[in-house]
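S.K.: With chain A held as given, fit chain B onto it using these hints.
There are 2 protein chains.
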Amino acid sequence: MHDQEHIRALTRQIRYWILASTTRAGSGHASSSLSAVELTTALLFGGFFRADPHNPAHPNNDRLIFSKGHAAPLLYSLYAAAGMVSEEELLSLRTFGSRLEGHPTPVFPYAEAATGSLGQGLSIGLGMALNGKYLDNLPYRTFVLLGDSEMAEGSQWEALQLAAHYELGNLVGILDVNRLGQRGQTMYGHDMEAYRRRVSAFGWDTFLVDGHSLEDMEHAYRKALIPGRTRPAMIIARTLKGKGVSLIEDMEGWHGKPLPEDDFDRAVADLGDVDKSLVGKMAHPEDLRPAQYGPKTADAPVYSPGEKVSTREAYGSALAGMHADYPDMVVLDGEVSNSTHAASFAKSYPDRFFEMFIAEQNMAGAALGLSLRGKKPFVSSFAAFMTRAFDQIRMSRYSEPNMVFAGSHAGISIGEDGASQMGLEDLAMFRSVLDSVVFHPCDAQSTDKVVREAAELEGITYIRTLRGKTPVLYGQEESFPPGGSKVLRESGDDAYTVCAAGITVHEALAAYEELLAQGIAIRVVDCYCIKPLDRETLLRSGETGGVLTVEDHYPQGGLGEAVCSELSDSATPVHSLAVGKLPRTGKPQELMDYAGISAKAIAERIRSLLA
Amino acid sequence: MHDQEHIRALTRQIRYWILASTTRAGSGHASSSLSAVELTTALLFGGFFRADPHNPAHPNNDRLIFSKGHAAPLLYSLYAAAGMVSEEELLSLRTFGSRLEGHPTPVFPYAEAATGSLGQGLSIGLGMALNGKYLDNLPYRTFVLLGDSEMAEGSQWEALQLAAHYELGNLVGILDVNRLGQRGQTMYGHDMEAYRRRVSAFGWDTFLVDGHSLEDMEHAYRKALIPGRTRPAMIIARTLKGKGVSLIEDMEGWHGKPLPEDDFDRAVADLGDVDKSLVGKMAHPEDLRPAQYGPKTADAPVYSPGEKVSTREAYGSALAGMHADYPDMVVLDGEVSNSTHAASFAKSYPDRFFEMFIAEQNMAGAALGLSLRGKKPFVSSFAAFMTRAFDQIRMSRYSEPNMVFAGSHAGISIGEDGASQMGLEDLAMFRSVLDSVVFHPCDAQSTDKVVREAAELEGITYIRTLRGKTPVLYGQEESFPPGGSKVLRESGDDAYTVCAAGITVHEALAAYEELLAQGIAIRVVDCYCIKPLDRETLLRSGETGGVLTVEDHYPQGGLGEAVCSELSDSATPVHSLAVGKLPRTGKPQELMDYAGISAKAIAERIRSLLA
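Line by line, the protein sequences give chains A and B.
Just so you know, this note's numbering puts 44 at position 44 of the first sequence, and the rest follows in order with no gaps.
Just so you know, this note's numbering puts 70 at position 70 of the second sequence, and the rest follows in order with no gaps.
Bound-form chain A, shown alone (with noise of 0.2 Å):
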């Protein structure tokens, strides 16, 4: 390692500037920074990381991630040792415009992801890692900085079984074993047994360390970076939360508290020797570029109007057609493949799909890494399912992701399973996402359209598909962009517009027919994107009496409210069916008339507001 004596006054630095920048903020994490010292000072400027900090998108730069993300001023702080962040930035943390914001985000340049809500990096830690080995061919390690509180979330015994299941020997954990958590002790302590005991259960490789002797962190990294291990390594220290500062060290009551201004000085002094002018270097890592790609053509789906698809084989048939115009795209899946049918992707590209077991938070964060790591990942499982991972998404909108997510088995129409398989709630969920786009499409050829419209977008895209086939209607010569909709039915005397999306645009179709033995004429708009709307022709149909919207969804947060909020300022009235009764199992039709999306009841709901 690097001459100790340069670590050590790096960490009096990295110290000193932890404590400037959250005095001078007056708010931060400086308990929590502190106690991650010597592991993080060690690893950047002991010779272990090799990354180059003037060229931070290099693909064969090692990787830290903070998980937990509330050390921001430590990350930001080892930057500044590293020269690359100015005293008066650095005093600038919490300021609204600083580069350093309260929780890394991706302004500054060497967050890795945003975080800061627990519980979270080792999931996007294990994509990176997933892609070094398996993808990128290239031997960068990834790091993850560990809280110990945050072992109690889930998701990282999600990550620690799939890391092991994956051999990935390139992804190291650091777990800064501090003892507090935010309102006291956490439920081990400095049992530091109990810590190794589970994680070497998980099939890591564990390294218990002094977390604050620079020997002990020399001869685990030694130990943990071994070229060619197949066995994920967890470096589990014993450290004091807010480690160099006597006023605080080890104390509860400390957690997200600067030194106040009055005692600022006092705790310097603690630090000894500060010298700001030294300068931490990294080692260089090896100029490689990642493995060349190109997938074997396939035959792009053919489908013939009439025949009858579903629109989750579709997605499952337009992932494997596109791969060779879209070599960047992986596919991970929660253990239903053969319902989602992203099997059709694996069985024709197994190297580029990964399956990821019942375990959708980890899903959600390692197909965050892999999109950091400049893949695009198309995310399935149930819709209902990808609730489990909200967190996770709601995250991942914070660090420029590039992901799709495909969610089947949408609505009260598949039928027997019942309830807990239905996607009620995964519009609302999706709509949420700032700028996302979120299709629906109705038949198998949207559906590969769509797909492939997602492969070009940015951020989040979700498609959500359905369990039960339905007749294609559209030609291959159609094409379905965002914020787009087809208008199906339409004539000079609409009465009423139907906006529906994914089945019931198949119960409008039946209404369509039904009111026009009636002598009623309809206008029918496929909304295969709702989000964003096409504004125009949801404007257009005010020529018509109104606008009914139909989904298989709860009422709150979906197409209804969607076209509701986007006529709000026109005259046109708006009326909605959804799901709102308690959804059972039964019969796919059964289940539609009973919660009144069929076409029965549009059909009731059109002639009753014409009444």
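You may find that some hints are simply not true.
In silico lysine to aspartate or glutamate, EDC-like type, Cα no more than 20 Å apart, as pairs [said to hold, decoys possible]:
| hint | chain 1 | residue 1 | chain 2 | residue 2 |
| --- | --- | --- | --- | --- |
| 1 | A | K587 | B | E89 |
| 2 | A | K581 | B | D435 |
| 3 | B | K581 | A | E400 |
| 4 | A | K581 | B | E400 |
| 5 | B | K347 | B | D299 |
| 6 | B | K223 | B | D210 |
| 7 | A | K581 | B | E566 |
| 8 | B | K347 | A | E252 |
Chain A regions said to be covered by chain B (calculated; three or more residues, Cβ under 8 Å) [stated by the list, open to error]:
| hint | stretch |
| --- | --- |
| 9 | 111 to 123 |
| 10 | 327 to 338 |
| 11 | 584 to 596 |
Computed from the model, here is a short list of chain A residues facing chain B with C-beta under 8 Å [as the list claims (entries may be wrong)]:
| hint | residue |
| --- | --- |
| 12 | G181 |
| 13 | Q185 |
| 14 | A343 |
| 15 | Q361 |
| 16 | F390 |
| 17 | L434 |
| 18 | A571 |
For the record, the hints were derived by calculation from the structure and aren't laboratory data.
Small disclaimer: the values here were computed from a predicted structure and weren't measured.
Glycine included, C-beta positions come from ideal geometry on N, C-alpha and C.
M.R.: Leaving out everything else, chain B in the frame of chain A:
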């Protein structure tokens, strides 16, 4: 144990019912049910399980939760063997209107909770066990049937940690390790040590058994049920999926599939002699009643108009002040009780407060378990982190729950901590829960009132609180029922109506002053109840120029879309201000300006709408 021959004969009957019901239904998880037959038959009818099937509500019944909810056919078949379900009813599996739904729901009286989204049952069981040991002081045991695939879910490991921490010797997990998941082998196959090692490392006693050996089961249950245990117990059973039916035993490709009609007779022949007339008897529970509990009274908090108090603080004070009136309350918090102020309750009533650590999924599941045992949980964390538990919240709705969630630190206005800590989609989430009530009080007084309202409500209620202090607006004599609102400013000349909630009420009041000085009168409505909305007051706003909603929340699924939806069939225009930009670190006021939801933004928008 009861006569082993009798038990063995019951297993044949139960296997018969599993096959018959699923084949008749044409769907259902036969193979997953078959693997757990001995496990559950030995438990229920071997003298271990103490419950009165004629009185499912008996407070001292043992509890059996099917975490592997897809084994519902087994649950129903067990109770057919107990004489509580007729053959006719059994053959109604998965039909519309049947008590025997595709996954268990409480329409079936022996389903403790609705399950089917994997990895949730152990948390629910943990809640029931907490109740038995620490609240009701009853010796009933809670058993949770678990699948191996679902042990990938992190939520299970949250439950494992918490159960050991709380010394729940009255909680027994039964892990059906049948090796096969939905689309193939699980991560560990039949590596029984991999399960034992991990569960044991988490502090549980483990018992490895041959899951088809009645002797093994008897032996294990005896050991797991020794009275006075303080460690939870996990029986880890090596089983075969589809056991007993040679056509499908231990074979891939049979997940979720019934035996086809053509194979039914051959499969039944494999079972040997089936005697449908046999009845399994359960041991009786001790006829004990829950411990009496009368909380000591406390002073209700008193607020003076103008006093500055945060609504999160008022939440905590309300809990403490009201407990004597609501003795069934219990309070759960996720390691942030000094921030959510649940700590105020914990301080006065430590025996009714449960620290659930940083594990929100388990917290929500445990709350359901407590609710199902007659308690009224108040569950708190940051609003942002409630998203971690969306699947558990979604599922709990299907179990006739009675719970209150309180999410603090709502909105961009929390300030410097930044995006990760900001609840900006929580209204969308909780509004999407069927029949939920959603409160967002703007001052301490109304917070105190709505917390008491929540105590009176059934179902799921959400209370959203703020980080910062706000002035008290209301007097003690005011009431804040669900479905109400407060008109804070009103005149005969109101040019527009501003509907606000939480922090934006105060911004709206400031905008009111600014506009008044410019000769513009606006109506200001405090929508302290966002669901259900005060329709009458909203309709009346039609007499003004229109409605402008303002919320510290993303644009989708919150107050704005709720109001748009409520007024969608009226001519009243609705416009909305919400957080439509990426949130960031900053001071509360500068962030509200940045996001366009501040007083300045409101006044500006009103002027432009009137221009």
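S.K.: Check the structure against each numbered hint from earlier and tell me which ones fail, lowest number first.
M.R.: Of the numbered hints given earlier, the structure breaks just one, which is hint 13.
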